[in-house]
Every structure is written in C-alpha cells, then in structure tokens.
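2 protein chains.
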Amino acid sequence: MPSHAAARRPGGRSGRVLAAIHASVGELMGEGADKITFPVIAERAGVNPTTLYRRWSNVNALLEEVAVAALTRDGESAPDTGSLERDLTEWADIIARDITRPERVRYLRAMLAARVEAVSHCPVTETRRDQAAEMVRRARERGEPTPTASQILDHVIAPLYHHVVFALRVDHEYARRLVRDVLAMVR
Amino acid sequence: MPSHAAARRPGGRSGRVLAAIHASVGELMGEGADKITFPVIAERAGVNPTTLYRRWSNVNALLEEVAVAALTRDGESAPDTGSLERDLTEWADIIARDITRPERVRYLRAMLAARVEAVSHCPVTETRRDQAAEMVRRARERGEPTPTASQILDHVIAPLYHHVVFALRVDHEYARRLVRDVLAMVR
Numbered sequence: 001m002p003s004h005a006a007a008r009r010p011g012g013r014s015g016r017v018l019a020a021i022h023a024s025v026g027e028l029m030g031e032g033a034d035k036i037t038f039p040v041i042a043e044r045a046g047v048n049p050t051t052l053y054r055r056w057s058n059v060n061a062l063l064e065e066v067a068v069a070a071l072t073r074d075g076e077s078a079p080d081t082g083s084l085e086r087d088l089t090e091w092a093d094i095i096a097r098d099i100t101r102p103e104r105v106r107y108l109r110a111m112l113a114a115r116v117e118a119v120s121h122c123p124v125t126e127t128r129r130d131q132a133a134e135m136v137r138r139a140r141e142r143g144e145p146t147p148t149a150s151q152i153l154d155h156v157i158a159p160l161y162h163h164v165v166f167a168l169r170v171d172h173e174y175a176r177r178l179v180r181d182v183l184a185m186v187r
Numbered sequence: 001m002p003s004h005a006a007a008r009r010p011g012g013r014s015g016r017v018l019a020a021i022h023a024s025v026g027e028l029m030g031e032g033a034d035k036i037t038f039p040v041i042a043e044r045a046g047v048n049p050t051t052l053y054r055r056w057s058n059v060n061a062l063l064e065e066v067a068v069a070a071l072t073r074d075g076e077s078a079p080d081t082g083s084l085e086r087d088l089t090e091w092a093d094i095i096a097r098d099i100t101r102p103e104r105v106r107y108l109r110a111m112l113a114a115r116v117e118a119v120s121h122c123p124v125t126e127t128r129r130d131q132a133a134e135m136v137r138r139a140r141e142r143g144e145p146t147p148t149a150s151q152i153l154d155h156v157i158a159p160l161y162h163h164v165v166f167a168l169r170v171d172h173e174y175a176r177r178l179v180r181d182v183l184a185m186v187r
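Quick mapping for you: the protein sequence lines, in order, are chains B and C. If you're matching positions, the first sequence starts at 1 in full-length UniProt numbering and goes up one per residue. If you're matching positions, the second sequence starts at 1 in full-length UniProt numbering and goes up one per residue.
What the hints contain is simulated information worked out from the structure, not anything from laboratory work. Incorrect hints may have been included.
The list treats identical chains as interchangeable, and a pair is accepted whether it falls inside one copy or across any two copies.
Stated by the list, open to error - In silico SDA-like cross-links for lysine to any residue, where the CA-CA straight-line distance does not exceed 20 Å:
no. : residue 1 : residue 2
1   : 35        : 59
2   : 35        : 112
3   : 35        : 60
4   : 35        : 20
5   : 35        : 82
6   : 35        : 141
When you get a sec, could you build the whole thing from the sequences and use the hints?
Structure representation (structure tokens):
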C-alpha cells in the first residue's frame, strides 16, 4: 500500500507526504466534512495514521497549521508605491479580496474553531504585523507621519477580519475607509 | 407528557417554553455538545420537537438567536459620565470583561459557526451601534469633537471581538488604547 511506503520512508518523501496531508485537510474542510479526525485525514491522504499521531499532538494543531498556511501564503509582499496611504490602501484591498474568498472564509472558521485555548502568538497576525512594520519603516524614511504597526493591525486588519468572521460586508470602500481612519490618527 | 402539553398550549406557556429551549441550548453549548440538533434540544427542554421545527427554519437559526440573546442582554446601557473619553473607556472595559468570559467565548464561537451565509444585519453589532450613537449624541450636545458611531464600531468593538475570536489577549489596557486611538482620529 502506498500509505505504508510513505510512512516508512520519511526522508526524501516527507515533503510530499506533508503536502498530501495538507491537501487532504484542505479538501475535507472544503467539503465541510463533519468529523475531521486523524484516521479520516490519513485515509484521504493515503498515509498511515501513525504518521499523523507522531507529528501533531492533536487534530486541532494540524487544522491550525493548514489554515495558517492557506491564509498567509499568497500575495504576501507588502506594496511599495512611495506613499504610506497608497501602500496601505493597496494592501488592505488585497487582504479584503483574499479573505472574503469562500475557501478562505472556511479556512478561517476552521482555524478559529480549532483555537480553543488563548494563544500568545498567531502566525497569521504576525505575518501582517511584519508587512505593516515594513511599510511604516519605509514611510518614516520618507519623513511621512505614521501610525505604529500595532495601530495598523488594530484598525485595518482587525475590522476586516471581524467583518469576515461575523459574515458582515467587506468591500473596497470599507478597506479604504479603514486606511483613511488609521492615517487620521497621526495627522 | 409535559412536552405535549406545552406544544398544544402555546398561549400562556409560550414564554416559558421559549425560556426552556434557550436554556437547553445554552446548557448544550456550555457542555461543548458535539451535535446540537432539534431532537437533542427538544429532549433536553422537555418539549415536542415539532415545536422547534415550526418556530425555526433550521437549528442554526435557533443557535444564532440564543447566542445573540446571551451576548446582548447584560450591562447593556451606555455609560453617561459627562465625557466621551470616559464613556467610551468604561463601555470598552465592560465589553472586554464580558466577551472574554469563557461562556461568552463559547456563545460567540457557536454564533459564528452557525453564521455561514453573509448577513446584512447583525443584532449584536446593532446593539453596540445604538449604544455608540447614544454616547456620540450626548458628546455632540456638549460640543465635544466626536468620531462617528461607525468609527467606534470599526476601531473599538471590531478589534475587541477580533482578539477574542482569534484567542488573542484582551485586557483593560488594550481597551483603553483602542479608545485613545479612535479619539485621536478627530483631534
């Protein structure tokens, strides 16, 4: 069986095994599967369940890993237009378009459902913080007044995610309004 | 059986039947019950399942109703201290304390899990908007510069809920910082 072969030879194949596991979790989430367990994922991915039990402490840890990977991999460099307002507007637009895609909404909900304990570190948020800090750094070098990266997270990113998670409307105009507001704090 | 009596006599008993249904849903959510279906709720509440099928189009509609009721019923009048900054600070503190209680977090997650379709109207948000509008109205009468109620929702309420939903830290200092930021927009 291919599952046993994959489990027995983690070396050169581990990348492909991991990709198959991630893809299977993604498929199951996309199908709105009711019960996503290690055996269900293992069957779909064609790997031995012990591979999963060995690598992740529980299924929620795996679901979060997949959700974070899906939510942070695309279009991830911060815009560099020469003005903080344009950078932030473009960035907020990209994020708004991205997180409102139905498959992203499903991932986001799956990640939040998996996250029952308080976390001190959220990889999705940290990626956005790094991008915000980069845009702020460039704006300061140009001598523009800038909010902090934390303020950009609180007042642009948080409301966008809040609207998506609460199933409220998110559009271009909303993203722009948030950017105008956060810049008004430092005017 | 009491269930049949309740179902047959909706008049004087309908309030008590509704309360029993809400309480049962609350108990099941609190227990982290895996499958909350109409038959499960009906059994717990001691009512006939047809009562539920007749009143709610599906179980998610009932879960959302219960979650909204739980999230909006307590401590719901907006503070009136004579200054918008103090009003907002007190209000943000009350909300931060309320929505971080473990049973509230569970309700919030249950509500979001039930909300799979986009909504144009979110009763939790509308309650907060009414309170914000009331504080803004009083501040304007006193001649204070004020953000709009929408800005208060976007920049105080949204980040608080975002942190709770993402299981990030929410405390008094965070609530205060959000209020200072939204007031800085109009200074």
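How the hints compare with the structure:
1. In this assembly of identical chains, the alpha carbons of residue 35 and residue 59 lie at most 20 Å apart whether taken from the same copy (11 Å) or from different copies (18 Å).
2. Within a single copy, residue 35 and residue 112 get their C-alpha atoms as close as 16 Å, and across copies as close as 18 Å, so both meet the 20 Å cut-off.
3. With identical chains, the CA atoms of residue 35 and residue 60 are at most 20 Å apart both within one copy (12 Å) and between copies (18 Å).
4. Taking the shortest alpha-carbon separations for residue 35 and residue 20, only the intra-copy value of 19 Å comes in at or below 20 Å, while the best inter-copy value is 29 Å.
5. Taking the closest pair of Cα atoms, residue 35 and residue 82 never come within 20 Å of each other, the shortest separation being 48 Å inside a single copy and 53 Å across copies.
6. When the C-alpha separation of residue 35 and residue 141 is checked against a cutoff of 20 Å, the pair qualifies neither within a copy, at 51 Å, nor between copies, at 55 Å.
Against the hints set out earlier in the document, violations occur for numbers 5 and 6.
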